[in-house]
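S.K.: For this one, chain H is given, so just place chain P on it according to the hints.
Number of protein chains: 2
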Amino acid sequence: MDVIKVSGSSRTSAVAGAIAGVFRENRHVDIQAIGAGAVNQAVKALVLARGYLAEDGYEVVCLPEFADVEIDGKVRTAIKLVVELREPVLVE
Amino acid sequence: MDVIKVSGSSRTSAVAGAIAGVFRENRHVDIQAIGAGAVNQAVKALVLARGYLAEDGYEVVCLPEFADVEIDGKVRTAIKLVVELREPVLVE
Chain H
0 MDVIKVSGSS
10 RTSAVAGAIA
20 GVFRENRHVD
30 IQAIGAGAVN
40 QAVKALVLAR
50 GYLAEDGYEV
60 VCLPEFADVE
70 IDGKVRTAIK
80 LVVELREPVL
90 VE
Chain P
0 MDVIKVSGSS
10 RTSAVAGAIA
20 GVFRENRHVD
30 IQAIGAGAVN
40 QAVKALVLAR
50 GYLAEDGYEV
60 VCLPEFADVE
70 IDGKVRTAIK
80 LVVELREPVL
90 VE
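Order-wise, the sequence lines are chains H and P. Under numbering that gives the first Met the number 0, read the first sequence as residues 0 to 91, first letter to last. Under numbering that gives the first Met the number 0, read the second sequence as residues 0 to 91, first letter to last.
Chain H with its partners taken away, still in its complex shape:
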C-alpha cells in the first residue's frame, strides 16, 4: 500500500504519520485527495510529514499531478501528491 487517500475530515496528524511511515518503508508515497477540503488536509499533513522525515535525514519533495479516479461509476479528477526524495536514487 503506497497510496494514502485523504478526505476533508481526515486528521492532519494521523495522515502525516501515515505519510512518514509509508515513505520510510518504500521511499515513495502517493497521496490522493478529491475536493478542496481533502486537498487542504493532504497539503497540511505533508508539511508535518516533511518535518518528521527531515529529522530522519530525508529531504522529500512533492510532485502534484491530476489523476482520474472512478468512484461509484463516475470518473472524478483527484489531486495526487507524489512524494519522493529530492535527489532520486539511481539504480544502476
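No wet-lab data here; the hints were simulated from the structure. The structure displayed is predicted, hence computed values, not measured ones. Among the hints, a few may not be true.
[Stated by the list, open to error] The calculated label-pair distances, taken between Cβ atoms and stated as ranges, are:
#, chain 1, residue 1, chain 2, residue 2, range
1, P, G16, H, G72, 21 to 27 Å
2, P, V81, H, R75, 37 to 43 Å
3, P, G72, H, I70, 38 to 44 Å
4, H, G7, P, E86, 31 to 37 Å
5, H, G56, P, L84, 38 to 44 Å
6, H, V2, P, D71, 26 to 32 Å
7, H, S12, P, G16, 43 to 49 Å
8, H, R10, P, R75, 19 to 25 Å
9, H, R23, P, R23, 33 to 39 Å
10, P, V74, H, R10, 20 to 26 Å
11, H, R75, P, A13, 22 to 28 Å
12, P, A13, H, N25, 35 to 41 Å
13, P, E86, H, S12, 28 to 34 Å
[As the list claims (entries may be wrong)] The calculated lysine-lysine pairs, modelled on DSSO-like cross-linking and capped at a C-alpha distance of 30 Å, are:
#, chain 1, residue 1, chain 2, residue 2
14, H, K79, H, K4
15, P, K73, P, K4
16, H, K4, P, K4
17, P, K4, P, K79
18, P, K79, H, K79
19, H, K4, H, K73
20, H, K4, P, K79
21, H, K79, P, K4
[Unchecked claim] Derived list of chain P stretches under chain H, where covered just means 3 residues or more per stretch with a C-beta under 8 Å from a C-beta of chain H:
#, stretch
22, 16 to 26
23, 29 to 39
24, 43 to 54
25, 72 to 86
Ideal placement from N, C-alpha and C gives every residue a C-beta, glycine not left out.
M.R.: Positioned in the frame of chain H, the structure of chain P alone reads:
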C-alpha cells in the same frame, strides 16, 4: 515579486501562467494560500505550471510549508508552496 497570492476564486490557468512566468525569471517562486479553497486552486495551478515548465526543460518540485501571515491585524496560518528546481543549482 516572487510571492504569488492565491485565493479560492483565483482562476487556475491565470495562476499557472503567473507561476511559470515568475519561475522562468527567478528560478524560484513562492505561492501563498489561506484556506481550503485557496490551497486547492494553488495546487491545481501548480500541476498545470509543472507541465508548462517541463516543456521548457525545468523539472520543478514543491516544498510545502506553513507561514504566519498578518491580515487586518490578525495572524493567520497560510500554506506556502515553495517551487524550486528539483536539483538545486549550487553557487560556488
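S.K.: All hints are to be evaluated individually against the structure, with a verdict given for each.
M.R.: Hint by hint, here is what the structure shows:
no., hint, result
1, P:G16 / H:G72: 21 to 27 Å, "35 Å, violated"
2, P:V81 / H:R75: 37 to 43 Å, "28 Å, violated"
3, P:G72 / H:I70: 38 to 44 Å, "43 Å, holds"
4, H:G7 / P:E86: 31 to 37 Å, "35 Å, holds"
5, H:G56 / P:L84: 38 to 44 Å, "21 Å, violated"
6, H:V2 / P:D71: 26 to 32 Å, "40 Å, violated"
7, H:S12 / P:G16: 43 to 49 Å, "35 Å, violated"
8, H:R10 / P:R75: 19 to 25 Å, "21 Å, holds"
9, H:R23 / P:R23: 33 to 39 Å, "36 Å, holds"
10, P:V74 / H:R10: 20 to 26 Å, "23 Å, holds"
11, H:R75 / P:A13: 22 to 28 Å, "24 Å, holds"
12, P:A13 / H:N25: 35 to 41 Å, "36 Å, holds"
13, P:E86 / H:S12: 28 to 34 Å, "31 Å, holds"
14, H:K79 / H:K4, "9 Å, holds"
15, P:K73 / P:K4, "17 Å, holds"
16, H:K4 / P:K4, "27 Å, holds"
17, P:K4 / P:K79, "9 Å, holds"
18, P:K79 / H:K79, "18 Å, holds"
19, H:K4 / H:K73, "17 Å, holds"
20, H:K4 / P:K79, "22 Å, holds"
21, H:K79 / P:K4, "22 Å, holds"
22, 16 to 26, "violated (count 0)"
23, 29 to 39, "holds (count 5)"
24, 43 to 54, "holds (count 4)"
25, 72 to 86, "holds (count 4)"
Violated hints, in rising order: 1, 2, 5, 6, 7 and 22; the structure is consistent with all others.
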